[in-house]
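> The chain contents come next:
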Amino acid sequence: MTLSRRNFIKQSGLALTFTVAGKTMLLTPRQARAGNIPFAVLTPEEVSALETICDHLLPGARENGVAHFVDQQLTVDPNDSLLFIKYFNVEPPHVDFYKSALKEINLLSESIYGKGITAIDKAEAEKLIETLRDGKAADWNGPPSPLAYHILRNDAVDVVYGTMEGFEALDIPYLAHITPPRTW
Amino acid sequence: MGKAEKVDVVIVGCGAAGSVYAAIFAEAGKRVLALEKGPGRKLTDLYSSQIWARRLKWGAPHVFEEGKDSIWYNFNAGHGYGGAAIHHYGVWPRYHPEDLQERTLYGKGLDWPVEYDQIRHYYDQVQEDVGMSGDAEKEIWRPPGAPYPLPPLPVFEHGNILAKGFTALDMHTSPIPVAILSQDYKGRPACIYDSWCDAGCPTGALANPLVEYFPRATQAGAVMQSDSYVSRVLLDRQGTRATGVEYFDGKGERHEQPADAVVIAAFTVENSRILLNSANDKHAGGLGNSSGALGQYLMSHPAVTIFGMFREDTRCYLGITGGQLFNQDPFAKEKNKDAFGSRQWEIGLGTKPNDLLGIAMSRADLFGDDLHKFVKQGSRHLGVMVGVCECLPDKTNRIELSNKQDKFGMPLARVTFNLDDNGRGLWHQAAEEGLEIFKAAGATEAWHSPPGGQHIMGGTIMGKDRETSVTNEYAQLHDVPNVIIGGPSVFPTASCVNSTFMAHAVAMRSAQHIAKHWNQLIIAL
Numbered sequence: 131m132t133l134s135r136r137n138f139i140k141q142s143g144l145a146l147t148f149t150v151a152g153k154t155m156l157l158t159p160r161q162a163r164a165g166n167i168p169f170a171v172l173t174p175e176e177v178s179a180l181e182t183i184c185d186h187l188l189p190g191a192r193e194n195g196v197a198h199f200v201d202q203q204l205t206v207d208p209n210d211s212l213l214f215i216k217y218f219n220v221e222p223p224h225v226d227f228y229k230s231a232l233k234e235i236n237l238l239s240e241s242i243y244g245k246g247i248t249a250i251d252k253a254e255a256e257k258l259i260e261t262l263r264d265g266k267a268a269d270w271n272g273p274p275s276p277l278a279y280h281i282l283r284n285d286a287v288d289v290v291y292g293t294m295e296g297f298e299a300l301d302i303p304y305l306a307h308i309t310p311p312r313t314w
Numbered sequence: 070m071g072k073a074e075k076v077d078v079v080i081v082g083c084g085a086a087g088s089v090y091a092a093i094f095a096e097a098g099k100r101v102l103a104l105e106k107g108p109g110r111k112l113t114d115l116y117s118s119q120i121w122a123r124r125l126k127w128g129a130p131h132v133f134e135e136g137k138d139s140i141w142y143n144f145n146a147g148h149g150y151g152g153a154a155i156h157h158y159g160v161w162p163r164y165h166p167e168d169l170q171e172r173t174l175y176g177k178g179l180d181w182p183v184e185y186d187q188i189r190h191y192y193d194q195v196q197e198d199v200g201m202s203g204d205a206e207k208e209i210w211r212p213p214g215a216p217y218p219l220p221p222l223p224v225f226e227h228g229n230i231l232a233k234g235f236t237a238l239d240m241h242t243s244p245i246p247v248a249i250l251s252q253d254y255k256g257r258p259a260c261i262y263d264s265w266c267d268a269g270c271p272t273g274a275l276a277n278p279l280v281e282y283f284p285r286a287t288q289a290g291a292v293m294q295s296d297s298y299v300s301r302v303l304l305d306r307q308g309t310r311a312t313g314v315e316y317f318d319g320k321g322e323r324h325e326q327p328a329d330a331v332v333i334a335a336f337t338v339e340n341s342r343i344l345l346n347s348a349n350d351k352h353a354g355g356l357g358n359s360s361g362a363l364g365q366y367l368m369s370h371p372a373v374t375i376f377g378m379f380r381e382d383t384r385c386y387l388g389i390t391g392g393q394l395f396n397q398d399p400f401a402k403e404k405n406k407d408a409f410g411s412r413q414w415e416i417g418l419g420t421k422p423n424d425l426l427g428i429a430m431s432r433a434d435l436f437g438d439d440l441h442k443f444v445k446q447g448s449r450h451l452g453v454m455v456g457v458c459e460c461l462p463d464k465t466n467r468i469e470l471s472n473k474q475d476k477f478g479m480p481l482a483r484v485t486f487n488l489d490d491n492g493r494g495l496w497h498q499a500a501e502e503g504l505e506i507f508k509a510a511g512a513t514e515a516w517h518s519p520p521g522g523q524h525i526m527g528g529t530i531m532g533k534d535r536e537t538s539v540t541n542e543y544a545q546l547h548d549v550p551n552v553i554i555g556g557p558s559v560f561p562t563a564s565c566v567n568s569t570f571m572a573h574a575v576a577m578r579s580a581q582h583i584a585k586h587w588n589q590l591i592i593a594l
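Line order of the protein sequences matches chains A and B.
Okay, so the first sequence: first residue is 131 according to this note's numbering, each after it adds one.
Okay, so the second sequence: first residue is 70 according to this note's numbering, each after it adds one.
These are computed hints drawn from the structure, not numbers from a lab.
Each hint should be verified, as a subset may be incorrect.
Beta-carbon label-pair distances, calculated as ranges [as the list claims (entries may be wrong)]:
1) B:GLY256 to A:GLU175: 50 to 58 angstroms
2) A:VAL171 to B:ASP318: 39 to 47 angstroms
3) A:ASP226 to B:ALA237: 13 to 21 angstroms
4) A:VAL171 to B:THR173: 53 to 61 angstroms
5) A:PRO223 to B:PRO519: 46 to 54 angstroms
6) B:LEU303 to A:SER241: 55 to 63 angstroms
7) B:PRO166 to A:THR154: 53 to 61 angstroms
8) A:PRO303 to B:GLY308: 58 to 66 angstroms
9) A:PRO174 to B:ASP318: 35 to 43 angstroms
10) A:GLU221 to B:GLY321: 18 to 26 angstroms
11) B:ALA73 to A:ASP269: 53 to 61 angstroms
Below 27 angstroms or equal to it, Euclidean Cα-Cα: the simulated DSSO-like pairs (lysine-lysine) are [what the hints assert, rightly or not]:
12) B:LYS476 to A:LYS229
13) B:LYS442 to A:LYS257
14) A:LYS229 to A:LYS266
15) B:LYS445 to B:LYS233
16) A:LYS252 to B:LYS445
17) A:LYS252 to B:LYS442
18) A:LYS229 to B:LYS473
19) B:LYS137 to B:LYS177
20) A:LYS266 to B:LYS137
21) A:LYS229 to A:LYS245
22) B:LYS533 to B:LYS351
23) A:LYS266 to A:LYS252
24) A:LYS233 to A:LYS245
25) A:LYS257 to B:LYS445
26) B:LYS255 to B:LYS111
27) B:LYS177 to B:LYS406
28) B:LYS320 to A:LYS153
29) B:LYS351 to B:LYS464
30) B:LYS442 to B:LYS508
Where a beta carbon is used, it is the ideal one built from N, C-alpha and C, also for glycine.
Working from the sequences, and respecting the hints, build out all of it.
Now the structure itself:
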């Protein structure tokens, strides 16, 4: 069966265009992660930091492909962006915001715990996130840390709960105008 | 550079006001071209998703927001066919007569150049055109006007639960007045109450610009053109008359579009920006700015969202995004304690798990396992309503040009917005009252949001006096009358009332008047 872009979006709730070796594929962020689709703008270190902090902010964000979602959306025109950051008074390109925030989060972790964000445990992460959220990070040189907290937290919420699968997990009806034949 | 064939009217912006001007002028036999900077969207492009909904919101060119308070420009503004109204919630109460005479009646704010009785007919006409639903009798605060053409929308558990709180405090509720169909109407289907209004309504039950006025316009011969970014208005040598607009197409190529009349309906900030960027030796401070008022009196409604957790299943994911019930008990401007201005409640908002107004964001402090637990509980038991407050016009709240430029070399906009003591006082009253209502309704816990901004008005205000305003009562620039302004940027006061219905009514009045007196008002200038 041929699957049109429109139908695929209806089925998945969040299918994005990924380009690999010149081939264009429509995948959900979760599928992109499972398929090890290369990243476009984020470095491996940034990807690890993003997945880690988002998974602490909302467990499940990593598996649901938050890094692929953010990375792919950082390549599109600001008007077409699906990222939560779009609502805030942050001048594009937004890749600068993410790179700076992730760098500062890693530095904060190192300054508090002597190890990077990917190496800290759950309890340590909770304290670090509270520091971010409350704007109490010392020597912070990135975008305002409470804003970084909000943006990353909501990216995590988007991939975990903003999809048809997310609604299903909450046991509430998705109620799309045209009922999709299946979820992903 | 391309120079196109002259049209009678070129409209800048394919949103709510632009759609009305396009329909009325085209039906009057004018050749109409409507230019839109964003994509040419169809109803079938509106996906039921809060993530995909963000494509409908403003992203660029960037608007720099300064001052203590945000107008939430990117969230409120739109991008592409339909403009901001493609993702608006369809809550359409009327301005009250006193909203239009604040300076005369109270010595506050400003007067409009028209009174309610001069607008009333156009409210009635627009509500008949689009098919509004409501109950005029139960809406006891409603100003005079024709009854709604359709009965009210149904009220679900969410609305009924919250209504108990109002009743317990001797406050009244009515069905919410909306531009959403409770029954099939003129070939359009009734709402199915799935609460995806913010993502755009693909069925046409919610009256966005692609549903009523643009179809009428194109049927009458108007042409809509997407990916056309208007940078400035072009003038004749004397500077007394607009000759068209300059725009850039999707490939960045510059064009000139000649026209007898120019309608600037690109939403509040862009309206002022385009006029400021149209400055020349005859209009050094910007087109239409001989008064110095261009860009001034920027307004946004201070809003507080009340959240509460209830034992009952609220089914808050049902209904419409804008609410199920309505209250304007605190509308009397001089009776809100120590703050002047009006307030209203929109009750039982349809709420999804994610996004700015979603369940997860209602407790922005939570994360980790606590956030999972909260979203799970909230998706079944959350109650939500929003209090909308008046913002008085203040010339220091303004739109100016930034020293940064867009990709075509045109200065970007920067806005300065500081809520005054009245607006802040009304907001605090609403927050306090809202929590009382939720407790009276049986909430096991209740809390409120930080201040938010709804609707954006002002910048090109209308007035009788050309020394203090930008346009006349028909939204024509005092200085260059064949330039007409569309949208809430012409409002001299904000009331607490949602702006889209009034934007339609004002545009309808202006368009009909100008079309009727075309030769006198446009050609013979």
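> Are the hints correct? Go through all of them and say.
To see whether the hints hold, each was checked on the structure:
no.: 1; hint: B:GLY256 to A:GLU175: 50 to 58 angstroms; in the structure: holds (57 angstroms)
no.: 2; hint: A:VAL171 to B:ASP318: 39 to 47 angstroms; in the structure: violated (28 angstroms)
no.: 3; hint: A:ASP226 to B:ALA237: 13 to 21 angstroms; in the structure: violated (51 angstroms)
no.: 4; hint: A:VAL171 to B:THR173: 53 to 61 angstroms; in the structure: holds (57 angstroms)
no.: 5; hint: A:PRO223 to B:PRO519: 46 to 54 angstroms; in the structure: violated (27 angstroms)
no.: 6; hint: B:LEU303 to A:SER241: 55 to 63 angstroms; in the structure: holds (57 angstroms)
no.: 7; hint: B:PRO166 to A:THR154: 53 to 61 angstroms; in the structure: holds (58 angstroms)
no.: 8; hint: A:PRO303 to B:GLY308: 58 to 66 angstroms; in the structure: holds (59 angstroms)
no.: 9; hint: A:PRO174 to B:ASP318: 35 to 43 angstroms; in the structure: holds (40 angstroms)
no.: 10; hint: A:GLU221 to B:GLY321: 18 to 26 angstroms; in the structure: holds (20 angstroms)
no.: 11; hint: B:ALA73 to A:ASP269: 53 to 61 angstroms; in the structure: holds (57 angstroms)
no.: 12; hint: B:LYS476 to A:LYS229; in the structure: holds (24 angstroms)
no.: 13; hint: B:LYS442 to A:LYS257; in the structure: holds (19 angstroms)
no.: 14; hint: A:LYS229 to A:LYS266; in the structure: holds (20 angstroms)
no.: 15; hint: B:LYS445 to B:LYS233; in the structure: holds (24 angstroms)
no.: 16; hint: A:LYS252 to B:LYS445; in the structure: holds (21 angstroms)
no.: 17; hint: A:LYS252 to B:LYS442; in the structure: holds (17 angstroms)
no.: 18; hint: A:LYS229 to B:LYS473; in the structure: holds (23 angstroms)
no.: 19; hint: B:LYS137 to B:LYS177; in the structure: holds (22 angstroms)
no.: 20; hint: A:LYS266 to B:LYS137; in the structure: holds (21 angstroms)
no.: 21; hint: A:LYS229 to A:LYS245; in the structure: holds (19 angstroms)
no.: 22; hint: B:LYS533 to B:LYS351; in the structure: holds (23 angstroms)
no.: 23; hint: A:LYS266 to A:LYS252; in the structure: holds (19 angstroms)
no.: 24; hint: A:LYS233 to A:LYS245; in the structure: holds (13 angstroms)
no.: 25; hint: A:LYS257 to B:LYS445; in the structure: holds (24 angstroms)
no.: 26; hint: B:LYS255 to B:LYS111; in the structure: holds (19 angstroms)
no.: 27; hint: B:LYS177 to B:LYS406; in the structure: holds (16 angstroms)
no.: 28; hint: B:LYS320 to A:LYS153; in the structure: holds (25 angstroms)
no.: 29; hint: B:LYS351 to B:LYS464; in the structure: holds (24 angstroms)
no.: 30; hint: B:LYS442 to B:LYS508; in the structure: holds (22 angstroms)
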